[in-house]
Structures are given as structure tokens and as C-alpha cells.
Amino acid sequence: MASCWGLPEMLCDFPALPNKDMRHMRMWIDDGFRGIVRHFSAQIDAATQPLQWFLNTLENLFTNTPWIVILLAILAVVWLGSRSVKIVIGSIIGMCLIGVFGLWEDTMTTLAMVTVATLIAIILGLPIGIVMARSNRMQSVMTPVLDVMQTMPSFVYLIPVVVIFGIGKVPGVIAVVIYAVPPMIRLTNLGIRLVDKEVIEAADAFGANPRQKLWGVQLPLSLPTIMAGVNQTIMMALAMVVVASMVGVGGLGKNVLQAINNQFFTIGFLNGFALVAIAIIFDRTSQAFGKRLQKHSEVGHD
Amino acid sequence: MTDSTTQSAETRSGVEIRDLYKIFGSNPKRYIDAVKNGMTKTELNDKHNHVLGLQNINLELPPGQISVIMGLSGSGKSTLIRHINGLIMPTAGQILYNGRDVVQMNEQELREFRRHETAMVFQKFALLPHRTVLQNVSYGLDVQGIARSKSEPIARKWIERVGLAGYEDNYPAQLSGGMQQRVGLARALANDADILLMDEAFSALDPLIRMDMQKVLLDLQSELKKTIIFITHDLDEALRLGDKIAILRDGALSQVGTGQQIVLNPANDYIAEFVREVNRGRVIKAETVATPLPEGDAPLPEFKIKGGSTLEKAARRLAEHDQRKATVVARDGRPIGTIDMHTMLTAMVTPATVDDEDAA
Ligand SMILES: Nc1ncnc2c1ncn2[C@@H]1O[C@H](COP(=O)(O)OP(=O)(O)OP(=O)(O)O)[C@@H](O)[C@H]1O
Ligand SMILES: [Mg+2]
Chain E
1 MASCWGLPEM
11 LCDFPALPNK
21 DMRHMRMWID
31 DGFRGIVRHF
41 SAQIDAATQP
51 LQWFLNTLEN
61 LFTNTPWIVI
71 LLAILAVVWL
81 GSRSVKIVIG
91 SIIGMCLIGV
101 FGLWEDTMTT
111 LAMVTVATLI
121 AIILGLPIGI
131 VMARSNRMQS
141 VMTPVLDVMQ
151 TMPSFVYLIP
161 VVVIFGIGKV
171 PGVIAVVIYA
181 VPPMIRLTNL
191 GIRLVDKEVI
201 EAADAFGANP
211 RQKLWGVQLP
221 LSLPTIMAGV
231 NQTIMMALAM
241 VVVASMVGVG
251 GLGKNVLQAI
261 NNQFFTIGFL
271 NGFALVAIAI
281 IFDRTSQAFG
291 KRLQKHSEVG
301 HD
Chain C
1 MTDSTTQSAE
11 TRSGVEIRDL
21 YKIFGSNPKR
31 YIDAVKNGMT
41 KTELNDKHNH
51 VLGLQNINLE
61 LPPGQISVIM
71 GLSGSGKSTL
81 IRHINGLIMP
91 TAGQILYNGR
101 DVVQMNEQEL
111 REFRRHETAM
121 VFQKFALLPH
131 RTVLQNVSYG
141 LDVQGIARSK
151 SEPIARKWIE
161 RVGLAGYEDN
171 YPAQLSGGMQ
181 QRVGLARALA
191 NDADILLMDE
201 AFSALDPLIR
211 MDMQKVLLDL
221 QSELKKTIIF
231 ITHDLDEALR
241 LGDKIAILRD
251 GALSQVGTGQ
261 QIVLNPANDY
271 IAEFVREVNR
281 GRVIKAETVA
291 TPLPEGDAPL
301 PEFKIKGGST
311 LEKAARRLAE
321 HDQRKATVVA
331 RDGRPIGTID
341 MHTMLTAMVT
351 PATVDDEDAA
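Residue numbers (my numbering), protein chains in the order written: chain E, 1 to 302; chain C, 1 to 360.
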């Protein structure tokens, strides 16, 4: 009870809806939502089937392949992306420490999950970003939606996701994707909008059609910005896997969650550092790759 | 080369601009009648918040020639040149080429028109930074869907023609401004389009490089005979390049003519102001100020000068050969008049004025 300074009740305590009405409203929405979900449960299952399959396949592949093969594959990707010996050596050290502390398998599970989530985020985010860049109306619709997606506490996503998809890996991935896709969309949109107007005009003047302009000019020129989006998407996906473990996603996140519940200080930090290690490897590699994409804009000496 | 470049000038079509108006703003059609009835640019801007970009433009851009459009910043030069390839559509008027009106073309026709009939060179080069010189020059051909195996030799040829052989695999950012614009020129030429649109193509270059590029363009043009529309705000450049010069002011044509006509007879004070500082020796031709042939068979000076040479050139030749008088001859060698140092010097230093107040 606030002290009312002699003001009438109405202006002192905010006149909220009566409890009864609130309860009715809540039940009406929640029940309605559940009803709809129940009604469509067969379709929802069918729709998530391919995702489930993809996730399982990748996870099996990662966890069942001998570690040395995986390590070499990771190093190959890092090298192809960054062309930097330093980053490769850093990756070796990071991955070996993960292995030494017995976190290899959990890390692979997390890696599979992040890979799937990132791929989906790119597949969804890129076209949405392109559409957004092409239409101002689309941009004014999408911007507030993205704002909500990015500021809504991540735990809140889990509720509708769990109601719709239940507990398990697939809802986890979906929650991660929702959380990680906004930077992909935003930066694709931004990158395309920032392409030099004169260059676009040149493409027009030579008779390029919209498709030729998109693939030949706009996407290549916005690629560095789009890569920054991919980088952020990966980082956000890694951050979200801990939260997603609350709905049954395995891997490092689950260990962290258990450590919190049981106050296992060391386990918590080891798993946390494992996440940090992969994050740094991904981050440095994708950033170096993004830089290499801009190489043509560097001034050379002749 | 397609036959368009080898056809004789008579059978080729130039570009004809008819009754062109362009109003920028949210509802241009609404004000077109008022503008046609004489509403001024200022009034349209102040009262109705629309910009009058171009008004009542009627202009012929002859085939095989360089037409220069000149004017101060904001006079509507870029707007006008962009109408020719439909990058900007007019509020009213026609752009005719080969009997077709660019304004009436649908999107597909317009794309085809841009791919095959026009090419453009830009002030800030507008090269594709992620493509090499070779790939930039073949861009127009790529857009046309021509296979690399065919487009590459064409691109290489033009790179060589603009003097960039050896730079095929460089990226634009690795080249100097002058070299970048050579790429821009090669890219436009590789298209083998009849109409070449150049919007302040050399304005971003420093003076020496700029003269270089003007020479490159003139050399190429003497062979290719394209229909070139060249924009500049520099009178010297206009006089050097233009077979025909059109001067724009506030979106309207102020004077159209050859360089000589404009320098010798500026249509108004605005243009007189423009041409005052010009080096007349580089514009006026010997034949213009030559004294007509004397009656009868009076002996002519033995030294000969071509009628088309500028006074500056003619004077230099006379000086070099230590002569005082010369016979001016036409292209076929027929004498058309005589000229002496004194006449030439007088013509070179007389300032241009509308009503010739200095002479009075
Ligand atoms: N999209 C547009 N919307 C409104 N006004 C415009 C637009 N484009 C051009 N204008 C106006 O039309 C007039 C002519 O512009 P334009 O760019 O053709 O001038 P310019 O002669 O090319 O000048 P510069 O030498 O600076 O390039 C200017 O007053 C300009 O502000
Ligand atoms: Mg301009």
C-alpha cells in the first residue's frame, strides 16, 4: 500500500483489472491456445519431423565420429575461413582443453545444436532481410517485431514454444532460432540498403534485371555486413543454448543448468569456459572470413 | 563492331528530346499544366513544395557526334541525361530514338534498350568493387547473358584500347582515379551501344589526367562515331569535346549551338558571363575570321592553313614557319580565304559581350 498523501484512492493505487477478470482473461487465452495446439498436434509433429531428423543425424555424426577426425574437420574449416595460423593454433588448444576435461561429447551435442540453429536462422533471416531491404513498408512492419524479439526475456519464448512443441530438442532449437535470427535479418537489411546508390544505378543503366542486381551487386557488396550478422547469430545461439537446456536440450547447457541447481562451482565454470572456447573459435573465424571478403576494397600498391 | 557504327551518319538516328518536362515531388502531374502555362521554378517550390527539374526541353542530339550539355550545379544536367535511358521518367514529353519513344517502353523493353542501345559512364565511376577490371568491363555483356568465353576477348580488347593492358586482374580500389575512369569508359564501350551517356565523366579527375581522358575520348570517337551525350560544368571541356553544345539554366535550355556560335554570339548575359574567361584562340576556327579571297587572280600567300584549325594552332604554325600571312584552305585543298597574324590576334583577344559595348 502506497501512502496516499491525501489523494483519492483512484489516483493512488493504480486501478488494475479485478482479479476475477484477470483470471478469466488468462484462462481464456491459455485454454484457447492449448486447444488450438491440441487440434493441430498431428500437423505440428509432421512439420517438425524433418527438423528432428536433421538434428539427430547431425548430433549422431558429431558424437559418433572419432574425435581426431572432428578436430581435423574443425581445423580445416577454421583455416579455410580465416587463413590464419594463430586462430588455428588457438582452436587446437581450445578443443584439446575441452577434451581433457571430459567435455568432448557434450560439446559435440551443443555444436550440432548450434550448427542447426544457425543454418535455420540464416535460411530464414536472409530472405526476410532481403524483402525488408526492398520494401519500406516491410521494414516498418518488421522493425518493431524484431525489437520485441530482441528485448523479450529469452525465458519467455520458452513458454509458447513448450506449449506448442512440448519438451525436447526440437523446441529447444526453435527457441534458439527465434532468439538468434534478429541480427541476421537486421544486418542483411542494413547491408543491402547501404550498397552505394551509384553502383546500383550503374547496374540499372546496363539493363540488369532485379535478380541480376540482387545476386550480382547487392548481395556481394553487402556480404561483409551479412557475415557480421551470421557472426552475431552464432554468438546469440551459443548464449541461448544454456537457456534452451531448460526445455530438454542436452550438451554443455544442461551441465551448466545442473551445476546451478546443485551449486557445482567447478563443473559450472568448466562447461561455461567450453562454451566460451567454441564462441571464440567461431567468432574469430567468421570475423576473419568477413574481413577477407572485403579484401578487394583494400588499396594495393602498383 | 556491329553495323550501327559503320553506317553512314544519314541513315542513323540521333536522339530527339521533345517538349520534356520533369517535376519532382509527390504529385507532379497536378502541376504540369500550371508549369506549361508559365509558373516559375521558384513559385512551384515555395507555394507547392515541388521541384521543377526540367522545363520545355526540345533538343536534337545528332548521330555520330558529341553533344555537350552544360550548366551550373543544380541546373538539371544529370536529370536530363537520365531521361535518355529511362533512369528517370519525365512528367511530360518524349524521348525519340530510331522512331521509338523511350517514355512509352515497358520495363522489359527498357531493359533491352539499356542493354543494347545505351551505355553510361559515371562521375564517381560507379565500378563494381568486388569485380576485377576484366570483370567490370564485361559487366554489360554478362547482363546481356553473353558467355564468358565470348565476352572476355571483347573486354580485353577494350581494356587495351583505353590503355589499361596489364591491369585486367586488379580491383578498382587498386587503381588511381584516372585509371578507374578508363575502366568505366571501357565498360561502356564494351557494350557496343550506339548511345554513350557520360555524366560529368571527367569532373572528378585532376586537370592533367582530365586532358588525357578527353584526348582518349576524342581519339576513340574519331573512329567509333558514337552518339555521345557528355555532361560538364566546365566550358573549356565543353568547347574541346562538343560538336554541339546545349546550355541549361534552371532546367531550361538557354542556348544551343556550336562552340564557336556560343563564344562569338552568346544569347544572353548569363552565357556571356560563362564565356568571358574562355580561351578564344582554342575555339574560333581560322575559316571563321579569314578574309575572303581577293577578286581576280591576285597571288595568294604560299603558306597554307586548314580552315578547321583553331586560331591558336594556326598562329603557332605561322610563328614556327616564320610567316605573316597564310591561305586558308578547305578540307579538299580549295582556298577559301586568307589570314594574317594581326587578324588572328585581334579575334583572340576581343572579349565576348552580348551587345559588343567595347566596340561602341
Ligand atoms: N529525386 C529528386 N527529388 C527532388 N528534387 C530533385 C531530385 N533529383 C534532382 N532534383 C533537383 O533537380 C534539380 C536538378 O538536379 P540535377 O542533379 O539534375 O542537377 P545537375 O545539373 O546534375 O547538378 P550537379 O552539377 O550538381 O550534378 C536540382 O534542383 C535538384 O535539387
Ligand atoms: Mg549532376
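There may be inaccurate statements among the hints.
Derived lysine-lysine pairs resembling DSSO-like cross-links, with alpha carbons at most 27 Å apart [unchecked claim]: (1) C/Lys215 with C/Lys225; (2) C/Lys124 with E/Lys213; (3) C/Lys325 with C/Lys304; (4) C/Lys225 with C/Lys157; (5) E/Lys86 with E/Lys197; (6) C/Lys124 with C/Lys36; (7) C/Lys285 with C/Lys304; (8) C/Lys215 with C/Lys313; (9) E/Lys197 with C/Lys124; (10) C/Lys285 with C/Lys244; (11) E/Lys86 with E/Lys213; (12) C/Lys150 with E/Lys213; (13) C/Lys124 with E/Lys291; (14) E/Lys213 with C/Lys215; (15) C/Lys29 with C/Lys124; (16) C/Lys225 with C/Lys150; (17) C/Lys244 with C/Lys124; (18) E/Lys295 with C/Lys325.
These are computed hints drawn from the structure, not numbers from a lab. Everything numeric in this text was worked out from a predicted model, so none of it was measured.
Next item on the list: Mind checking the alpha carbons of lysine 124 of chain C and lysine 36 of chain C for me, to see if they're no more than 27 Å apart?
Entry: Distance of about 34 Å is beyond 27 Å: violated.
Next item on the list: Would you mind confirming whether the straight-line C-alpha gap from lysine 86 of chain E to lysine 213 of chain E stays at or under 27 Å?
Entry: Violated, because 37 Å separates the two Cα atoms, which is more than 27 Å.
Note to self: Just to be careful, I want the Cα atoms of lysine 285 of chain C and lysine 304 of chain C compared with a cutoff of 27 Å; is the pair within it?
What the structure shows: holds, 14 Å
Check: Is lysine 225 of chain C within 27 Å of lysine 157 of chain C, Cα to Cα?
Finding: Roughly 18 Å between the alpha carbons, so the hint for lysine 225 of chain C and lysine 157 of chain C holds.
Check: Between lysine 150 of chain C and lysine 213 of chain E, is the straight-line Cα distance small enough, at 27 Å or below?
Finding: holds, 22 Å
Note to self: For lysine 325 of chain C and lysine 304 of chain C, compute the direct alpha-carbon distance and say whether it is at most 27 Å.
What the structure shows: Given that 27 Å is the threshold and the Cα spacing comes to 9 Å, the pair holds.
Notebook entry, point to check: Regarding the pair lysine 285 of chain C and lysine 244 of chain C, is the alpha-carbon distance no greater than 27 Å?
Noted result: OK: lysine 285 of chain C and lysine 244 of chain C at ~15 Å, within 27 Å.
Notebook entry, point to check: Are the Cα atoms of lysine 295 of chain E and lysine 325 of chain C separated by 27 Å or less?
Noted result: violated, 63 Å
Margin query: Please verify whether lysine 124 of chain C and lysine 291 of chain E have alpha carbons no more than 27 Å apart.
Written below: holds, 25 Å
Check: Given the hint that lysine 244 of chain C pairs with lysine 124 of chain C, does the C-alpha gap stay at or below 27 Å?
Finding: It holds: about 25 Å lies between the C-alpha atoms, which stays within 27 Å.
Next item on the list: Measure nothing beyond the straight line between the CA atoms of lysine 225 of chain C and lysine 150 of chain C; if it is 27 Å or shorter, mark the hint as holding.
Entry: holds, 24 Å
Next item on the list: Would you mind confirming whether the straight-line C-alpha gap from lysine 197 of chain E to lysine 124 of chain C stays at or under 27 Å?
Entry: Holds: lysine 197 of chain E and lysine 124 of chain C sit about 11 Å apart, inside 27 Å.
Consistency note: the structure conflicts with the earlier hints numbered 5, 6, 11, 14, 15 and 18.
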